[in-house]
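Trainee: Below are the chains, spelled out letter by letter.
Protein chains: 2
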Amino acid sequence: MNEKYNQLKAILAEIADLNHAAALIGWDQQVYMPEGAAEEHGNMLGTLGKIAHEKFVSEEVGRLLEDLKRELPSLDPQSDEYRLIRSAARDYDKETRVPSEFIVEHAQVTAMAHQAWAEARARSNFAHFQPHLEKVVELSQRYVAFFPPADHPYDTLLDLFEPGMKTAEVRAIFDAVRPQQVELIRAIGQRPQVEDAFMHLAYDEQRMWDFSRDIAGAFGYDWKRGRQDPTVHPFCQSIGIDDVRITSRWVADLPFALLFGTMHETGHALYEQGIGRQWSRTNLSDGASLGVHESQSRMWENIIGRSHAFWEFFYPQLQARFPAQLAGVGLDQFYQGINKVQPSLIRVEADEATYNLHIMLRLELEIAMLEGQVAIRDLPELWNSKMKEYLGVVPPDDALGVLQDVHWSGGMLGYFSTYALGNLISAQLWEKFTAQTPAFEAQIRQGDFSSLLTWLRENIHQHGRKYEPQELVQRVTGSKIDPAPYVRYLRQKYGAIYGL
Amino acid sequence: MNEKYNQLKAILAEIADLNHAAALIGWDQQVYMPEGAAEEHGNMLGTLGKIAHEKFVSEEVGRLLEDLKRELPSLDPQSDEYRLIRSAARDYDKETRVPSEFIVEHAQVTAMAHQAWAEARARSNFAHFQPHLEKVVELSQRYVAFFPPADHPYDTLLDLFEPGMKTAEVRAIFDAVRPQQVELIRAIGQRPQVEDAFMHLAYDEQRMWDFSRDIAGAFGYDWKRGRQDPTVHPFCQSIGIDDVRITSRWVADLPFALLFGTMHETGHALYEQGIGRQWSRTNLSDGASLGVHESQSRMWENIIGRSHAFWEFFYPQLQARFPAQLAGVGLDQFYQGINKVQPSLIRVEADEATYNLHIMLRLELEIAMLEGQVAIRDLPELWNSKMKEYLGVVPPDDALGVLQDVHWSGGMLGYFSTYALGNLISAQLWEKFTAQTPAFEAQIRQGDFSSLLTWLRENIHQHGRKYEPQELVQRVTGSKIDPAPYVRYLRQKYGAIYGL
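Protein chains in written order, with my numbering: chain S, 38 to 537; chain H, 38 to 537.
By construction, these hints were calculated from the structure, which means they are not laboratory data. Take the hints with a grain of salt, since some may be wrong.
It does not matter which identical chain is used: a pair holds within one copy or between any two.
Stated by the list, open to error - With a cut-off of at most 30 Å between alpha-carbon atoms, the simulated DSSO-like pairs for lysine-lysine come out as follows:
1. K172 with K87
2. K423 with K469
3. K106 with K41
4. K41 with K87
5. K131 with K41
6. K425 with K87
7. K425 with K46
8. K377 with K530
9. K106 with K203
Please work from the sequences and hints to get the whole structure.
Mentor: If you want it as C-alpha cells, here you go:
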C-alpha cells in the first residue's frame, strides 16, 4: 500500500504543479499580461491542461487507484489516506467518463455561446443568444448521460461544485428560506429607508486601497504568502498554499466596493492559506466545495465586515482617513448605510437580504431547462415573473434581466446555488462559533479576529477537500446545512436596522 | 515527410508552451512573487522542466528525428524545414548524451557552490570557494567527455551558447582585439579626464522611468506585446513572441543606470519581438546565440544610446525634465560624461572601451582551468596579474577580483565570451547598416530609428535561431565575426572624445 500510495502522490504532485502554473498564468492574464499575448497564454493553458488531464487519466493512475481502492476497507474511513484515495478515485471516474471529443465540442460551443451572449447583452436581444443557450443545455443533458442515473439529473451537475449534495436537499433548503426572505424584504419595504448618501461621495482611491490592505492584514491575511493587485473583476487565485493572491477593483462611483470586495476575497484567501500542509500538491488542496468557499468570503465580508462591532473599532480610523466625507456621519448612520436593503435587478450588486432570492430564481430556471420543462424562448418571461414574485421588481429589458450573468454561456449549469449555500453556511458556522466563544464580540470591538481565524482554521480550513460539504458542516455544527441560522441572522440584524 | 514533420512540430509546440510557462514563473519570481512562495515556484519549475525534457528525449521524438534526418539530403539546406530538423536533431543529441544522474549531481554541486561563493565573496575569502570551484571544473570536464572529441575540449562548452563557434576562432578574434584595446585605454589614460559630475546628482526616479519608457517606445519596443517592471537585476524575459517583458533597476546613486539598462534590455526585447511567426512554438524561436543576442542589446544601449546623434535629438527633452541638474550642462559635456572611460575592477560597471578586456581575462582563465593547466588555488594571483596587464588596475581583495561574478558557481563555463562577441558583432552590423543607409545619422537626429529596426528585423531578428552565429554574420556582412569594425568604432568615437 505505502509504495503505491506514494506513487500516486508523486503523480498528483506533478499534476498540482501543472495546475499551479496554470493558476499563475490565469492570474497574469487578468492582472499584468500585455494585451497582445492572449493567444500565447491560451496556448500555454491548453497544453498544461491537456498534460495534467493525460497524466491523471493515464493507465498508470487507473491501475494505482484500482489497487488502492481494494485497500480501502482496511483503512480508517476518517484517515487522510482513505480520503485522498477515495477522492482521487471519484475525480478519476469523473474525468474518464467524459470523452475527449465531448470536451472539444463543449469548448467550441461555449466559445461561440460566450461571444453571442456578449453581443446579445450589449443589444439586449435574447433571441440572439437563444439558439446558443439551447445548445449549451443540450450539452449539459448529454454530459449528465455519461454518468449513472442519479435521483435527479441536476444532481450530476451540482456534484461538480458541491460534492455529494443532492438537488432535493438544495430545493428543500431554498424552499424553507424563500418565503421568509420574501416576507422580510416586504416588511423592510414598508419602513423608512436608511440614509447612505455618504457612500456616493468622492473618496481618494489610494487611501481606500491602504485601508483595505490594513483590514485584510487585521483579518489575518499573510502578506508574505500573497499579494493584492488591481483588476477589472476582483478574484482570489491560489497558486499553492504559500502563494494565494487577491485582486480588487476601484470604481470611483462605488468607493466602498473596493473595501468590501477586498474583505470578500480575503475570506477566500484565508481559506486557501489555511489548508493543511499535508494536502499540499495533492488533489485535496482545495476548498471542500464552492459553497463552503463562499461561506468564508461571506463570513468576513458580511457577518464581520458589515457588523456594528467591527465598525466600533474601525470607524474612527476610517473617519480619520476621510474627514471631509465622514466627519458628520455617526457610527450608527454609517452602519445602517452600508447595510441598506433595496431590491434590485442585478445579482452582483444585491445586498445581503435580497441576494439569495436572485440565486433561487436561477436554480429553478436551470432545473427546468435541464428537465426540458421550459422552452428556452420562454426564459425571459419566466425570469421577469419570478423577479416580480420574489423581489417585487421587473427588469425593463433582458440585458438587466435574463442576460445579466455570463455563467450559462460558459456551460456552467449547477453553479449558482453555491453562492446562496455559502450565505447559509456562513451564518450556521457563525452561530456555532459565537456560542462557543462568548467573548468574541468584545474581541471584535478591539479589532482582534484571531479567535475566529483560529476556529475556522481548525474546523474548516486545515481539512482542505478532505470532507464533503454536508459532512463538514455536520462535523462542525452538529447538523447538515440548515437555513434557520441565516434567517435568524437576517431577522435580528435587519429587524434592528429597520425597526421591525 | 510532411506528416512526420507536423508531428514533430506538434510536440515542439507543447514543449514551447511548457517553456513559456516556466519563463512566466521565472519572471514572476523576480518581479511579483510573494517571498514565501519560493519553494512552490521551485516545484513548478522542476515539474515543467522535467516534463519538457521527457517529452523531448522521448522515443517518439527520437524516431521522428531519425526518419526526418534521412529526408535532409532531399531538402534545400537553406529551407526552414531543413534548419528546424537539423537544429532539433542537434538539441536532441545534446540532451540525450548527458545522463540524468549527471544532471542531478550538477544541480547539487552548483547549489552548494553557489552558496559557498556568496559566503566567500561576502568575506572576500577565495579559499572557502576553492574546493567548490574545483568540483565545478571537474563536472565541466566530465560533461565534455560525454561528447565526441572536438578540436579543443572548450569547444563543447562554447557550443552551448555560441552554436558552431570554435575556441580557436574566439581566441584568434580576441588576440586581434586585445593589444589594440589595451593600447587605446593607455592612450586615453594619458589625456585629461572628462567631466561627469552631473551623473552623480540626485534625480527624480519617476521622471527617469518615464523617460526610459519613452526611449524604449522610440526604439520600437511594442508595448502591446510587452511591459516593464522594476527588479533588483534587470533582465529581458520572452514568454513567446507576443509577450516579451523587460525589467529595470533604479539605483539612486547611479541614476543613469536605469536609462541605459532599459535601452540594453529593450535591445534584447526587440530581437525577441521580431522573431518570425513561422518559428513561434518551435525550437528556433530564440536568438541565434547569446553573442548575437548581446549584439542587439549593445547596439541600442551603446552604439545608438551613447551616440552624439541620438542625444542631439533627446538631450533637450532630458534637460527639460531635469532642469535643476542639467540646465548648465551642454550637449557635448553630457555626451562626454556618459562615455567616460575609466579602467575599473568590476566587469558589470565597466565602460564600452574597457569591457572586453574583462571578458578576455575570464576566457583565458576558463580555458586554463578546463585544460587543467592552472591550479584553482592559483586563480586569484593569475586574475590580479592579468588585471594589471590589461587594465592597469589590481583588486585590493578577491571580492573585487576573482570572486565578483556568479557564473562559475552555477557551472556556467563557456558563457563569458558571448558578452565580448556581442560587442564585436554589434559594430560589424552597424558598419554594414550605415554603409547601406547613409541617411541614418540624419534620421537619428530626428529621433527616428525605424530604418535600423527594419534592417535588423530583416537581417537578424526574423530568422530566430535558423542560422548559426558565424553563418548569420557572414550572410549579413559578407564576413565572419570580425573585430576590425569594433576597433575602428572605438578609435573613432573615443579618439574624438579624448582628443587622441
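Trainee: Take the hints in turn and mark each one as holding or not.
Mentor: Structure-based check of each hint:
In this assembly of identical chains, the alpha carbons of K172 and K87 lie at most 30 Å apart only when taken from the same copy (24 Å versus 40 Å across copies). In this assembly of identical chains, K423 and K469 lie within 30 Å of each other by CA distance neither inside one copy nor across copies; the values are 34 Å within and 76 Å between. When the C-alpha separation of K106 and K41 is checked against a cutoff of 30 Å, the pair qualifies only within one copy, where the shortest distance is 11 Å, while the shortest distance between copies is 41 Å. In the homo-oligomer, the alpha carbons of K41 and K87 lie at most 30 Å apart both inside one protomer (24 Å) and across protomers (21 Å), since each shortest distance falls under that limit.
For the homomeric pair K131 and K41, the shortest alpha-carbon distance inside one copy (21 Å) is at most 30 Å, but the shortest distance between copies (34 Å) is not. In this homomeric assembly, K425 and K87 never come within 30 Å of each other (Cα to Cα): the closest approach is 45 Å inside a single copy and 58 Å across copies. In this assembly of identical chains, K425 and K46 lie within 30 Å of each other by CA distance neither inside one copy nor across copies; the values are 52 Å within and 58 Å between. Proximity of K377 to K530 under the C-alpha cut-off of 30 Å is restricted to the intra-copy arrangement: shortest distance 11 Å within a copy versus 73 Å between copies.
Taking CA atoms no more than 30 Å apart as the test, K106 paired with K203 passes inside one copy only; the shortest distance there is 25 Å, against 59 Å between copies.
When the structure is compared with the earlier hints, violations turn up for hints 2, 6 and 7 and for no others.
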